[in-house]
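K.L.:
Spelled out from the first residue to the last, the chains are:
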Amino acid sequence: MDNFNDLENVKSYLLERLRGASSLDDISKIKIEFLGKKGFLGKLTSDIGKIPLEQRKNYGIRLNSLKEEIEAQIKVYEQNFKGDVDKSEYTDLYKSLPGRKPPVGHLNIITQAIEEIVEVFAPLGFNRVRYPEVDREYFVFDALNMPENHPARDEWETFFVDYPEDEKLGKLVITPHTSSGQVREMLKGNLPIRMLNISRCGRRQIDISHVPSFYQFEGLVVDENVSTANLIGVLDYFAKKFFGPDRKTRLRPYHFRFTEPSFEVDIDCGVCHGKGCKLCKEGWLELGGSGMVHPNVLRAGGIDPEKYTGFAFGWGVERAFMMKSGTKIDDIRYLFSNDLRFLEQF
Amino acid sequence: MNVSIPYSWLKDYIKTNASVEEIAESLSLHSFSVEKIRKTDGDEIFEIEVTPNRGDALSVLGVARELRAVLPVRGFKCEWLPREEKFTGKINAADRIDVVIEDKTLVPRFSAIIMDKITFGDSPKLVKERLEKVGIRPLGNVIDVTNYMMVDKGQPMHVFDYDKIVGGKMTVRESREGEVITTLDGVDRKLPAGVIVIEDGGGRLIDLCGIMGAKNSEVDENTKKILLFVQVYDPVRIRRASMTLGHRTEAALRFEKGVDYEGVISALWESVDMIEKLSGAVVSSDLVDIVNFSRETKEIEVDAEKISRIAGKEIKSEDAFSYLNSLGFEKSKTRDGYVIVPSWRYDDINVPEDIAEEVVRLYGYYNLPVKLLEGAIPIVETSKLFYWEKTARYFLKYNGFFECYTYSATDKEKAGENALKISNPLNEEMTYLKTSLLPQLLDVLDKNHGYADKIKVFELASVYLPPEPDSKEKIPYQPVRLGIATHGVDYMDLKGIIEALFEIMGLNYDDVSEAFSHEIEDFGGGNLGAEINFEPIAVKATKLRSYTPLTVFNSIKEDLTFEVPEGVLYRQIEKTILSVDKRIFKLGFKDVFKNYLTLSIEYLDKEKQISSDDTQEIRKKIFKELEKIGVRLKV
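In order, the protein sequences belong to chains A and B.
Take 1 as the starting number for the first sequence in the working numbering and just add one per residue.
Take 1 as the starting number for the second sequence in the working numbering and just add one per residue.
The set of hints was computed from the structure by calculation and includes no laboratory data.
All values derive from a computational prediction rather than experimental measurement.
Heads up, some of the hints might be wrong.
What the hints assert, rightly or not - List of simulated lysine-lysine pairs, DSS-like, C-alpha gap at most 27 Å: (1) A:K188 x B:K540; (2) A:K275 x A:K248; (3) B:K11 x B:K128; (4) A:K307 x B:K298.
Unchecked claim - DEER-style ranges, computed between Cβ atoms: (5) B:D116 x A:E148: 44 to 50 Å; (6) A:K188 x B:E301: 30 to 36 Å; (7) A:K57 x B:K590: 37 to 43 Å; (8) B:L587 x A:K67: 40 to 46 Å; (9) A:K168 x B:K540: 33 to 39 Å.
Note that beta-carbon positions come from the ideal geometry of N, C-alpha and C, so glycine has one too.
Only chain A is shown next, with the shape it has when bound in the complex (with noise of 0.2 Å):
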């Protein structure tokens, strides 16, 4: 009989017996089976004298580690009943306490904001982008249909630089917009255009909705057929899947020199859901402007108008994400506060 054999066996016979274990019980049982004096263990011990005398300290070894290896085996399948082994008085207590978190910080709702918006563009193929905070004027104003001393210019409360102005691109300015983008955009001459600009944006304001630095998402895209009723496509995309799948939009008309015709884009309410309420004009938000590319603004980014068309749109990042049902974020000054105790709330 084959001792060194029957030690083999009996690992394989255990792990066997305890995976048909369904309870304690039968784990309890599966023990005395095994480790029991009367089990097999007991048995191959007593089984010693058998073996020839040459082989016995070789054989009480390996006895040995045998039933650790049973024994650690056990214990396995016993915490898949009991959980912890180790039971005592205070377990309980234990289990209850909360666990070690790794350090873990939080990102600014900025920078969340901006994930969303890329990711909601990506799979229409929009490229992000970023153009400088601080530029000449003419990107700024002139290349966008807004000439010098052009009353459209009042509209954006412009920082200038404390700089030598250049004889044709003027002033340094802090970009009050992203359109400033547009045609440095068109200006790079890869055609068709799908662009998502998402840079830093100043202007002189400051007030619970206004912060004299921020962000803006804009989107430009220039082909031939590109029409309104595209610019509707994309936004009402956009607003579904940032805003929520049951959220509509709608165009108003409006003014922009480098955008003829121009629309402001509307959002239903997320309160009141279009019937009107304290928080909404008669039910519609306000989301941002948007148009029809200026024939004079393709014609600064050295593209034909007659040939393309296009299309921009852009609007606030923190406005945007404000506006999103739910954050409840009353004061846009939050955002840059760098306060921890807001900061970590997101």
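Place chain B on chain A using the hints.
P.N.:
The following block gives chain B in isolation, referenced to the frame of chain A:
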């Protein structure tokens, strides 16, 4: 600019079966946004946000004209009411005014008329009520008429006390630097050069044109004779003057947006008629009407195909013409397929795209189909920067950092040396553009001092440096930087975080030249800060990893402690050890106490199982090489 238009006043012009709410909605969807309907004294007042291109609509007449086109589109009736005939009274041309215009571009149209036998007094109830509804204080019949007409027709006007105009003479000219005028509100205003003013025969300034009249020629209860004054001024000069003086009056806001060149004379006669009725005055001079402009009829093509292409839906030519006609654009008599731009839209409508906007907005944007983009998706390379920014942000977040966003501008001290200055800052705290992210981040640490024992913050944003010499456009160099600031964090821990980030970016801490714009610095009080040149390192960063074949052999690891003499630094020791033998697989820093440095070394032979004899041999070589730089095994 917002304008208040009472519904009762609109009824002077139109009759409709649309309700107040329906009127508001029609305007919002087709013309301009009605922000609010204000209800007072049984009347409803529309608060309308008129876009800057539509100076023509800053009046009851303008809004009525718009409704005439818009309401029928929405299925409502809108009847244009006939107006009473204009002034028919007699003219006894006893008085005259001499006018000198130094520069014709100052005042494209100059009209005036003198009226005598004024009885100054209150206006009738209707006039006073209407003015009050739109936020204008009644000041007496003659003055009220000018304000009334401004709201009614969109044409600002002014009345002088004729007898206060010395010599009955007016010179329209540009101001000289430093001239002073006392305006009707009693404020002395020192003028820059280039403001349009009127000087009388006595050399006095009697009008700050287009903005506000002067005190010295104002109408009062003793006034007997007036000069009614209706002009079109150069909008650019008015705007510049009004902005420079910080005096933005209703008149100036209208003039700078452009008034209807052709509406001047009819507005003047209507005012004459009203003044006559309200004050018993009679006309006592001929009409002065100096026309300093010549405008050709502006005709623009109505290209139905182009309009349909812009809309994304077919719009028929006859429909386009019908919409345009309702807005006052008549068909050209000489050119087929063209319309004539009405005088009140002259400056706003220039190209076929402008015509398309008029047509499509009347057609209704809500009637257009909703279509996603149809063309091919452009294939362009996306900047790697965004990927690495995101990676860095999440890495730091999961290492306990809070992400900050600070303002681009700060005070002089925090902005750093050579910072660009803002010419028109909001306040002292935001006067210079930052050249480093650190000072504001350190501020954040201080501000949040009590938050926790350990505070870790970062910001990933641009700094603003003066233009580089090779910048063609001379725009500031605005590289993205990663600013990191911590409170209560050990130097080694912070360094480890940055090293790990570099590792994720596929970079070696030491291999990246100029990785730091500011190396880790102890700012005192437990605050550490560092700033990384994120943009250039993101360019070098890589996701690419090439794999080294795994061996079947085991390695042997051991820790060794060395005594390091002064002047020898870690990198030198590391380099020395690694160059001893290629079987030194890994070398790591484990611990340091005083100058006793514990390193963990892992030996591996890829060809065969390494033995303790092998490692002993390598170890000896290590000792020998380290000995040369004075580093010895600690005994």
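K.L.:
Now tell me if each hint is right for this structure.
P.N.:
Tested hints:
{"no.": "1", "hint": "A:K188 x B:K540", "verdict": "holds (23 Å)"}
{"no.": "2", "hint": "A:K275 x A:K248", "verdict": "holds (13 Å)"}
{"no.": "3", "hint": "B:K11 x B:K128", "verdict": "holds (17 Å)"}
{"no.": "4", "hint": "A:K307 x B:K298", "verdict": "holds (25 Å)"}
{"no.": "5", "hint": "B:D116 x A:E148: 44 to 50 Å", "verdict": "holds (45 Å)"}
{"no.": "6", "hint": "A:K188 x B:E301: 30 to 36 Å", "verdict": "holds (32 Å)"}
{"no.": "7", "hint": "A:K57 x B:K590: 37 to 43 Å", "verdict": "holds (41 Å)"}
{"no.": "8", "hint": "B:L587 x A:K67: 40 to 46 Å", "verdict": "holds (42 Å)"}
{"no.": "9", "hint": "A:K168 x B:K540: 33 to 39 Å", "verdict": "holds (35 Å)"}
In this structure, every one of the numbered hints holds.
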